[in-house]
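Asker: What follows is each chain in one-letter form.
Number of protein chains: 2
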Amino acid sequence: MNSDPDREYPVDGDGGQQEMVLTRKNAVLVDGVILNGPTTDAKAGEKFVEEACRLIMEEVVLKATDINEKVCEWRSPEQLKQLLDLEMRDTGEPHHRLLELCQDVIRYSVKTNHPRFFNQLYAGLDYYSLVARFMTEALNPSVYTYEVSPVFLLVEEAVLKKMIEFIGWKEGDGIFNPGGSVSNMYAMNLARYKYCPDIKEKGLSGLPRLILFTSAECHYSMKKAASFLGIGTENVRFVETDARGKMIPEELEKQIGQARTEGAAPFLVCATSGTTVLGAFDPLEEIADICERHGLWLHVDASWGGSALLSRKHRRLLQGIHRADSVAWNPHKMLMAGIQCCALLVKDKSDLLKKCYSAKASYLFQQDKFYDVSYDTGDKSIQCSRRADAFKFWMTWKALGTLGLEERVNRALALSRYLVEEIKKRAGFKLLMEPEYANICFWYIPPSLRVMKEGPEFWEKLNLVAPTIKERMMKKGSVMLGYQPHRGKVNFFRQVVISPQVSREDMDFLLDEIDLLGRDM
Amino acid sequence: MNSDPDREYPVDGDGGQQEMVLTRKNAVLVDGVILNGPTTDAKAGEKFVEEACRLIMEEVVLKATDINEKVCEWRSPEQLKQLLDLEMRDTGEPHHRLLELCQDVIRYSVKTNHPRFFNQLYAGLDYYSLVARFMTEALNPSVYTYEVSPVFLLVEEAVLKKMIEFIGWKEGDGIFNPGGSVSNMYAMNLARYKYCPDIKEKGLSGLPRLILFTSAECHYSMKKAASFLGIGTENVRFVETDARGKMIPEELEKQIGQARTEGAAPFLVCATSGTTVLGAFDPLEEIADICERHGLWLHVDASWGGSALLSRKHRRLLQGIHRADSVAWNPHKMLMAGIQCCALLVKDKSDLLKKCYSAKASYLFQQDKFYDVSYDTGDKSIQCSRRADAFKFWMTWKALGTLGLEERVNRALALSRYLVEEIKKRAGFKLLMEPEYANICFWYIPPSLRVMKEGPEFWEKLNLVAPTIKERMMKKGSVMLGYQPHRGKVNFFRQVVISPQVSREDMDFLLDEIDLLGRDM
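Residue numbers (our numbering), protein chains in the order written: chain A, 1 to 521; chain B, 1 to 521.
The reader is advised that the hints may include incorrect statements.
Pairs count within a copy or across copies, as identical chains cannot be separated in the list.
Claimed, not checked - Result set (DSSO-like, lysine-lysine): computed pairs, CA atoms no more than 30 Å apart in a straight line:
no. : residue 1 : residue 2
1   : 170       : 425
2   : 202       : 354
3   : 349       : 430
4   : 47        : 63
5   : 424       : 369
6   : 170       : 476
7   : 43        : 453
8   : 355       : 369
9   : 254       : 475
10  : 47        : 430
11  : 476       : 43
12  : 47        : 489
13  : 47        : 354
14  : 63        : 81
15  : 476       : 70
16  : 170       : 81
17  : 360       : 81
18  : 70        : 202
19  : 355       : 202
20  : 254       : 355
Just so you know, the hints here were simulated from the structure itself, not pulled from any lab data.
From a predicted model like this one, the values you see are computed outputs, not experimental measurements.
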């Protein structure tokens, strides 16, 4: 291996001194490098891109909707390392070899586009967002200043405006960022800044303990955020939920009172609209009342459930969301905008986002530019370079219209409803609870357990069922869905329906397949 | 407009109640939605993707290297809003209209691939990373668990290992994340956790003030990070630099002593390898000595300069980097991996990253999986869903080999050297200082100012030159480079050389063009 970085190779001639040679053919050499003309072979590069695009089209896009394809081609990490040529060497590989590598990468990657991929809160293939994503990659923008990203900044502004409209605010502000977890961090910091702007300069040292409240069913990013922001996970108070996983408002109010008694400083309530496991929606109106009474910032983590706002039939799930101070909403989930497409939306229009986040870098956000620098929105961000994530959602919205997006949400929830009814009909399947949204949580009880009483032994054995079936389905490659233990409940499946490429036949298949793979247990 | 979200439309029939109808043709209806078969027209969608790919190929990829194309087609925000049809409506647009929209988006976007785009610390078109990026978009992975992202997790592991090797560590850990700013936050939080692990649970309240040190030339993300993490911007101590922009080690040691006298708690030194404006490299060996003496975590922000590690000729700029505890390095800058491709690398191998960041979400990181769950690396991240950013860098490395990457770095720096020599030769151009790296900072002094003494009036007038020329070049669309005032120096140009598509002819053009656009001033 020649690439040992500590080994000093004889460098060409002058050992670091600058030379500049003008040869006969007018070639300019500096440090042994010819500087005339570009060095890359653009024609060969372009041909490679074209060939790879054909491969991607054939092997990924065209096969995405084909249920005869496998969802995954399982290999263990050890096997996969053998199969893939991962090592980066001193010399490069020729194009035909790179295309083989691409083929391997596709082959062994999980097909998250597949109609039977139900493993996460995203799935399916949206042709419009895909095109927007290809364009973004080709144009390679960074969205911080209007001079570098004129189109993408205006698109972001338009998309945020529309999302704000659907939340029900008259006006507002917002920013696309890399994930619901990061959106929640933005909100937490913003609420803290509103509570005490001095924290930006002075930090938390010497202040009373800041306390925030969220439901016991919230996303784990709340803990990550509290730890990252220096608040501490112990200062996240988890409010008890009802049987459906919804925060109990009375419990929230009790906890706020208790925190005050302790001398701590409550500053934020995070409600969840669409919890990760159960798909539960917290009662926003009642929580908003409490926040108003106690002067607390209300953040709604609608990363998953926010898309229901587009459905006139289902937006009642988020009744009261217009009373929130901030909202996290990820169109990359149910609206299929592609990983990642996540917005933090803020009701305030006094430029709170900018005041809280700005660092006024003079090399990037010059104030003597020849255009209106209020379009240089990058200083609202914790990032410097930032991707044009709003654009892919915009493209889908342009293509389908609001009504088309609404239809997607309605269809996903109708399919969920269908699955629920099928589960009720079938022997050996047992719902955890009636779902409100697209998370259908259920146990599969194999024949041998159906005759047992629901005692400790039953639950212990049932706990092993979902992991075993999951292993079998992945090794077969027929379908993927998630399972988990959850708050005292042993391992159960969580089925999530999103994609319009999914049909009721896939729902039937799912249940048949689970039964087929688990009936010997 | 039909999309007023507050207006409740008559919903189909049952007003929310669940109905399930089995019609003659075996069509299953739930809530008025037919659930049989997929609803999307895959053929039409695929055709649209194919047509759009052709457009992207022709209008972006093939034109990327063409210097006869404009770098930008400037329009003011107001004009651009008129030209683009940004509004999202109730009904969707047909494919031919969407393709026109794509064409408009391309037309008015800045061509960051263009050989004469020198505006930021990224530029150019890398065909290999572009292919990897197209693949990532088509496969739409989220990199948190092996079951969902087997290939991309192994690729990330391989790339991190290689980067660690080039830093000069025997082993280490790391994570790709959305930007150098975020990498710096990761490092700051990690150093804080190492200093006092209790902060994760208890937060900063009641603790002495944590203090960190960085150079006065550091990236603005240091301030953003300190504010976001609850440390406070006042607790970032900026250490004075020498005339070339390098941190003065004696000043660092003085500041550490002073902080201790104040009763504050120093915990971190951030050195910069390749500052944003001047491209300066802090003296790492001397800074590492000081960190060792005082027991402080040493983080090196090599977001920009890290790529010099691949050049045997230039890696001496980062002499001593192996002594760092953590390093931020963005291959999307000089190595052209595409926005974003950023790694935080950590020397520790006691699983510090995981201990510091884990939240152990049981729905995602189940411990009873059938494979080795140490491959589920997502719990090291502050994000939940995460993009496969390592893959694009891996593809370029596979294609070019280490030697090809080295050649890129060497060529960019040789071209910079060429430009420096040209600037020295030409009347009216004045270097700020001899550069170490690919940032060439200089003033253009128009003829009318060349006869003036360098007094207040001269500087005042010179301050207007760069913004005016920038406006002219953008309106003409011929070239883009940045300018800024900086630490008492009036507005000057910062030229950055990266792409192998750039030639010495482009350097000559740049200087000619500035002179052409500014000689009447």
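Asker: Give a verdict on every hint.
Answerer: Each hint, compared with the structure:
Proximity of residue 170 to residue 425 under the C-alpha cut-off of 30 Å is found in neither arrangement, the shortest distances being 46 Å within a copy and 59 Å between copies. In this assembly of identical chains, the alpha carbons of residue 202 and residue 354 lie at most 30 Å apart whether taken from the same copy (18 Å) or from different copies (29 Å). In this homomeric assembly, residue 349 and residue 430 never come within 30 Å of each other (Cα to Cα): the closest approach is 48 Å inside a single copy and 44 Å across copies. Both within a single protomer and between protomers do residue 47 and residue 63 lie at most 30 Å apart by alpha-carbon distance, with minima of 23 Å and 14 Å respectively.
In the homo-oligomer, the alpha carbons of residue 424 and residue 369 lie at most 30 Å apart only across protomers (28 Å), although the nearest pairing inside one protomer, at 64 Å, exceeds that limit. For the identical chains of this complex, residue 170 and residue 476 are neighbours neither inside a copy (51 Å) nor across copies (39 Å), given an alpha-carbon limit of 30 Å. In this assembly of identical chains, residue 43 and residue 453 lie within 30 Å of each other by CA distance neither inside one copy nor across copies; the values are 71 Å within and 52 Å between. Taking the closest pair of Cα atoms, residue 355 and residue 369 come within 30 Å of each other only inside a single copy of the chain (20 Å); across copies the shortest separation is 45 Å, beyond that limit.
Within a single copy, residue 254 and residue 475 get their C-alpha atoms no closer than 49 Å, and across copies no closer than 61 Å, so neither meets the 30 Å cut-off. In this assembly of identical chains, residue 47 and residue 430 lie within 30 Å of each other by CA distance neither inside one copy nor across copies; the values are 54 Å within and 42 Å between. For a Cα distance limit of 30 Å, the shortest separation of residue 476 from residue 43 across copies, 28 Å, qualifies, whereas the shortest one inside one copy, 42 Å, does not. For the homomeric pair residue 47 and residue 489, neither the shortest alpha-carbon distance inside one copy (55 Å) nor that between copies (47 Å) is at most 30 Å.
Taking the shortest Cα distances, residue 47 and residue 354 never come within 30 Å of each other, neither inside one copy (44 Å) nor across copies (42 Å). Taking the shortest Cα distances, residue 63 and residue 81 sit within 30 Å of each other inside one copy (25 Å), while across copies they are farther apart (38 Å). In the homo-oligomer, the alpha carbons of residue 476 and residue 70 lie at most 30 Å apart inside one protomer (8 Å), although the nearest pairing across protomers, at 52 Å, exceeds that limit. For the identical chains of this complex, residue 170 and residue 81 are inter-copy neighbours only, at 21 Å across copies versus 54 Å inside a copy, given an alpha-carbon limit of 30 Å.
For the identical chains of this complex, residue 360 and residue 81 are inter-copy neighbours only, at 26 Å across copies versus 46 Å inside a copy, given an alpha-carbon limit of 30 Å. Proximity of residue 70 to residue 202 under the C-alpha cut-off of 30 Å is found in neither arrangement, the shortest distances being 55 Å within a copy and 47 Å between copies. Proximity of residue 355 to residue 202 under the C-alpha cut-off of 30 Å is found in both arrangements, the shortest distances being 15 Å within a copy and 27 Å between copies. In this assembly of identical chains, the alpha carbons of residue 254 and residue 355 never lie at most 30 Å apart, being 33 Å within a copy and 32 Å across copies at closest.
When the structure is compared with the earlier hints, violations turn up for hints 1, 3, 6, 7, 9, 10, 12, 13, 18 and 20 and for no others.
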